[in-house]
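> Okay, here's what each chain looks like letter by letter:
There are 2 protein chains.
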Amino acid sequence: MDLKRIAKDTAKTLTSYLTYQAVRVVMGQLKETDVPRSYWFNEFATRDKLQDGEAFIAALMQEQADLALRVMTVRQHLAEEVTEFLPEMVTTGIQQANIEHRKRHLERMTQMSSEELKGKADAGDRDSQSE
Amino acid sequence: MDLKRIAKDTAKTLTSYLTYQAVRVVMGQLKETDVPRSYWFNEFATRDKLQDGEAFIAALMQEQADLALRVMTVRQHLAEEVTEFLPEMVTTGIQQANIEHRKRHLERMTQMSSEELKGKADAGDRDSQSE
Chain A
1 MDLKRIAKDT AKTLTSYLTY QAVRVVMGQL KETDVPRSYW FNEFATRDKL
51 QDGEAFIAAL MQEQADLALR VMTVRQHLAE EVTEFLPEMV TTGIQQANIE
101 HRKRHLERMT QMSSEELKGK ADAGDRDSQS E
Chain B
1 MDLKRIAKDT AKTLTSYLTY QAVRVVMGQL KETDVPRSYW FNEFATRDKL
51 QDGEAFIAAL MQEQADLALR VMTVRQHLAE EVTEFLPEMV TTGIQQANIE
101 HRKRHLERMT QMSSEELKGK ADAGDRDSQS E
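Chains as they are written, first to last, in my numbering: chain A, 1 to 131; chain B, 1 to 131.
Calculated from the structure, these hints are not laboratory results. Be aware that a few hints might be false.
Stated by the list, open to error - When the alpha-carbon atoms are kept at most 25 angstroms apart in a straight line, the in silico DSS-like pairs for lysine-lysine are as follows: (1) A/49 <-> A/103; (2) B/8 <-> B/31; (3) B/49 <-> B/8; (4) B/49 <-> A/12; (5) A/31 <-> A/49; (6) A/103 <-> B/12; (7) A/12 <-> B/120; (8) A/8 <-> A/49; (9) A/8 <-> B/118; (10) B/4 <-> A/31; (11) B/103 <-> A/12; (12) A/4 <-> B/4; (13) A/12 <-> B/4.
Claimed, not checked - A few chain B residues facing chain A, derived, Cβ under 10 angstroms: (14) 104; (15) 110; (16) 117.
Even glycine gets a Cβ: it sits at the ideal position worked out from N, Cα and C.
Isolated chain A, as found in the complex:
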């Protein structure tokens, strides 16, 4: 398990995700202040392009530099305000989700066993009746 590589890949994914969230924030602002431009931005910011945050910003910089600068400012703000809470949120969230999955699995196993037991008991009844 290459933890260093996983940490690096995860940071990259997280950076692209925060860039996507920053695009949504700027899009929301444009919708209230400059509707035609928000249409343009909406067409430009396809899901495909947003997969790589840096490539997206580089491309936007060539087309509408002020929008790129706004997205960059917002994503930096998001990184500063949001990321510090993530380790706790994600670790606790995964622990609780894991408990929930294990619980449901146990319930299903127990239900199956009791049905199996019931099946055997019924078969036993039939055996004793036939004796």
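For chain A, the structure is supplied; the task is to place chain B on it using the hints.
Leaving out everything else, chain B in the frame of chain A:
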């Protein structure tokens, strides 16, 4: 800017991403210990299913519970080992990437201005020659 909602959505995305990384770890282990099963797992774990980590684990639990339990253990381990480094990595990474984008933008602007100036200077030369 709804920071609370953004933090929650980001934590969910991060959880699904760590689940995907845990699947890759378990897949790597299977490839070394049980090749036929690694094929099965590879077919089961499609990109589409992995979009939602919890739904993926619930589905896997129904098919091959021990694999689901392994993925759950690995993703908890990853959350504990990796997430604490993310705030620093992502915040610093975004700051540096932003500086880089701004620098390249300025260089391009400066280059354009100097070409414009050169263009004007050449035009001026021609003007003075024609006088």
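> Hints first: check each against the structure and report whether it holds.
Against the structure, the hints come out as follows:
no., hint, in the structure
1, A/49 <-> A/103, "40 angstroms, violated"
2, B/8 <-> B/31, "35 angstroms, violated"
3, B/49 <-> B/8, "21 angstroms, holds"
4, B/49 <-> A/12, "21 angstroms, holds"
5, A/31 <-> A/49, "21 angstroms, holds"
6, A/103 <-> B/12, "21 angstroms, holds"
7, A/12 <-> B/120, "44 angstroms, violated"
8, A/8 <-> A/49, "21 angstroms, holds"
9, A/8 <-> B/118, "45 angstroms, violated"
10, B/4 <-> A/31, "21 angstroms, holds"
11, B/103 <-> A/12, "21 angstroms, holds"
12, A/4 <-> B/4, "29 angstroms, violated"
13, A/12 <-> B/4, "22 angstroms, holds"
14, 104, "7 angstroms, holds"
15, 110, "13 angstroms, violated"
16, 117, "20 angstroms, violated"
Comparing the model with each numbered hint stated earlier shows that hints 1, 2, 7, 9, 12, 15, 16 do not hold.
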